[in-house]
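Model the full structure from these sequences, guided by the hints.
Chain by chain, the residues run as shown.
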Amino acid sequence: MAVATKTLANPIQSIVRHSADPSARFWYRFLQNRQAVLGGCVLTLIVLMALAAPLIAPGDPSRIVLGERENPPSLDHLFGTDRLGRDVFGRIVWGARVSLGISLLAVSLGSMIGILLGAVAGYASGMTDALITRAIDVMLALPTFFLLVTIQSLFPPSVMNVIVIIGITSWMAIARIVRGQFLTMKEREFVEAARCLGVRPARIVFRHILPNVSSQIIVFFTLGIADAVLVESALSFLGLGVPPYQASWGNMLNDGQIGILSGTWWVAFFPGLMILLTALSINFLGDGLQESLFK
Amino acid sequence: MSRYILGRLLQAIPLFFLITLIAFGLLHLAPGDPATLLYGTEMTPDQRAQIRAAWGLDEPLPVQYVKWLGNLLRGDMGRSFVDGRPALLVIAERIPATLQLTLSGLLFALVLGLSVGIVAALKPHSALGYASTFFSTFFYSLPNFWLALLLILFFSVWLKVLPSAGIESLRGETGLADRLAHLAMPAFVVSLREMGRLIRFTRASLLDVMSQDYIRTALGKGLTMRVVTLRHALRNALIPVVTLLGLSLPQLLSGAIVVETIFAWPGIGRLVVDSAFQRNYTVLMGEIVMVSLVVIAGNLLADVAYAVIDPRIRYGK
Chain A
1 MAVATKTLAN PIQSIVRHSA DPSARFWYRF LQNRQAVLGG CVLTLIVLMA LAAPLIAPGD
61 PSRIVLGERE NPPSLDHLFG TDRLGRDVFG RIVWGARVSL GISLLAVSLG SMIGILLGAV
121 AGYASGMTDA LITRAIDVML ALPTFFLLVT IQSLFPPSVM NVIVIIGITS WMAIARIVRG
181 QFLTMKEREF VEAARCLGVR PARIVFRHIL PNVSSQIIVF FTLGIADAVL VESALSFLGL
241 GVPPYQASWG NMLNDGQIGI LSGTWWVAFF PGLMILLTAL SINFLGDGLQ ESLFK
Chain B
1 MSRYILGRLL QAIPLFFLIT LIAFGLLHLA PGDPATLLYG TEMTPDQRAQ IRAAWGLDEP
61 LPVQYVKWLG NLLRGDMGRS FVDGRPALLV IAERIPATLQ LTLSGLLFAL VLGLSVGIVA
121 ALKPHSALGY ASTFFSTFFY SLPNFWLALL LILFFSVWLK VLPSAGIESL RGETGLADRL
181 AHLAMPAFVV SLREMGRLIR FTRASLLDVM SQDYIRTALG KGLTMRVVTL RHALRNALIP
241 VVTLLGLSLP QLLSGAIVVE TIFAWPGIGR LVVDSAFQRN YTVLMGEIVM VSLVVIAGNL
301 LADVAYAVID PRIRYGK
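As you go down the protein sequences, you meet chains A and B in turn.
Per the working numbering, the first sequence runs over residues 1 to 295.
Per the working numbering, the second sequence runs over residues 1 to 317.
Think of the hints as simulated: they come from the structure by calculation, not from any bench.
Treat each hint with caution, since some may be false.
[As the list claims (entries may be wrong)] Derived DEER-like restraints, expressed as beta-carbon distance ranges:
hint	chain 1	residue 1	chain 2	residue 2	range
1	A	Q32	B	L128	14 to 24 Å
2	B	A177	A	G59	30 to 40 Å
3	B	A131	A	P58	34 to 44 Å
[Said to hold, decoys possible] One side of the interface only, derived from the structure: several residues of chain A facing chain B at Cβ under 8 Å:
hint	residue
4	D137
5	V138
6	F146
7	I151
8	L154
9	A226
10	L238
11	L253
12	Q257
13	L280
Beta carbons: idealized from backbone N, C-alpha and C, even for Gly.
Encoded structure:
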């Protein structure tokens with residue numbers, strides 16, 4: 001019996017698994033990975049929540065209602081209110097825009113720097129490569145968070161600053177990967193062919209080699225966003241990130257910190273839970289992508 | 001062997017100088033000059049010139065850098081803007097607390113991370129094997145400041161069994177038990193992210209080794225699974241873990257910033273946050289230099305350890 005069902009179920013499965021179409025193989029493997037699919041679903045929900053903020057939580061998330069300070073979670077206020085009477089749920093929904101937006105932009109900036117430097121280093125080799133590799137080493141040896149705290153103390157707090165400093169301190173991983181890929185790719189025949197045809201180096205780098213590295217970049221981009229969400233919220237939690245008047249998950253935790261000792265746990269609990277859910281779902285998704293793309 | 005170590009040392013020196021350049025550049029490229037940052041904008045041009053002369057800010061930047069670097073190499077990091085004490089002293093007296101915190105965190109992560117990782121690799125289809133992949137990602141994604149607050153809420157506010165702040169009680173009993181009680185929560189929080197990395201890395205490394213030919217050979221010649229794992233596989237699988245430990249230092253120290261701030265732990269992580277709010281730039285610059293030095297030394301140590309354990313590294317180019 002078991003044998004019979006196996007032979008019935010397997011032909012389709014094995015056709016897909018060994019399909020000549022790489023994207024069919026990718027989707028087959030990806031959908032087999034339960035953690036990755038779950039991560040993708042949760043992440044989609046969080047992103048939808050951020051996009052639909054005005055529908056889910058209408059009104060100003062920073063509206064202060066002094067009569068409703070530190071109310072525990074109830075049907076009126078799903079996640080309770082903070083010490084200024086602001087609705088924690090509403091602030092979480094709107095804060096998603098700030099936290100996700102910052103992370104997305106910061107990682108985009110970091111990836112651009114990383115791709116550019118990695119591609120140049122890997123393709124040019126020699127002195128240029130040595131210099132860029134050294135720069136990567138220096139940045140990796142620097143305890144980034146010390147650097148972030150120091151830079152943030154020099155500039156007035158703004159969302160733009162947070163994006164830029166996270167961006168310029170998070171390009172090393174991608175630069176390394178891209179460099180390594182370029183080192184091997186530039187020896188391949190299709191690159192040699194392009195060179196023989198007289199294609200300009202810039203075009204070879206960006207049009208011929210880079211598309212072949214894109215899957216690695218996607219994986220590191222995804223995983224980078226999880227890190228950026230954590231770094232942004234840690235900075236804001238310390239009071240050195242997003243300006244206090246803006247609702248971001250890290251800021252809300254900073255607000256809720258005092259409440260922990262007096263028992264109003266909900267003010268800090270829910271924003272932290274969102275940070276965890278976001279980082280976890282992105283990491284699961286990123287790991288799933290990596291496994292389905294490269295194995 | 002000594003040639004290898006010497007080579008590594010020589011590579012570390014330019015690294016250090018580049019880092020001092022970054023630390024110096026940061027302060028001087030920031031908007032407004034340090035005099036303004038320090039004393040505000042409400043100064044007469046006269047006062048301003050006086051301050052600039054006193055701090056040597058009127059000299060060209062390269063000259064300032066060389067002077068600062070020269071002082072730095074003699075162990076003079078300037079004076080703290082807050083209380084006028086030497087910055088080096090201010091930083092140095094905070095180091096033991098941070099070492100205590102990060103090293104106990106690392107030890108905890110190492111013991112649990114290695115054992116879970118090993119079991120997960122040897123028994124991939126056990127409950128622990130499946131759970132380990134989930135938990136390593138979970139630990140890695142957990143915001144440490146949130147975990148710290150939850151632990152305080154649970155153990156200090158609700159159960160009242162652990163102190164929520166400080167390195168020891170200010171009065172009453174201050175023995176070993178008291179110190180351990182203060183250490184427990186912060187060290188646990190610092191360790192989790194590292195533990196996540198270690199579990200995943202150990203598991204992957206051991207799985208990789210177990211599929212090698214020499215393992216099959218060892219099993220084929222009749223050795224028991226136990227002997228093969230302990231004598232052949234583990235020793236090789238743990239080599240890359242040593243490098244991971246060297247790289248984990250910046251992570252641990254970064255984690256210490258948040259954890260020390262929450263638990264009022266008197267270490268360099270809390271100092272950097274305090275200095276940032278007080279705009280205490282000499283101490284901030286000193287800290288970046290100091291912490292980078294520690295990180296470079298850690299990497300160097302890991303490289304050397306790696307070469308001691310694995311002869312291929314030492315003889316290969």
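Comparing the hints with the structure gives:
| no. | hint | verdict |
| --- | --- | --- |
| 1 | A:Q32 / B:L128: 14 to 24 Å | holds (22 Å) |
| 2 | B:A177 / A:G59: 30 to 40 Å | violated (52 Å) |
| 3 | B:A131 / A:P58: 34 to 44 Å | holds (42 Å) |
| 4 | D137 | holds (6 Å) |
| 5 | V138 | holds (5 Å) |
| 6 | F146 | holds (5 Å) |
| 7 | I151 | holds (7 Å) |
| 8 | L154 | holds (4 Å) |
| 9 | A226 | holds (6 Å) |
| 10 | L238 | holds (6 Å) |
| 11 | L253 | holds (6 Å) |
| 12 | Q257 | holds (6 Å) |
| 13 | L280 | holds (4 Å) |
Against the hints set out earlier in the document, a violation occurs for number 2 only.
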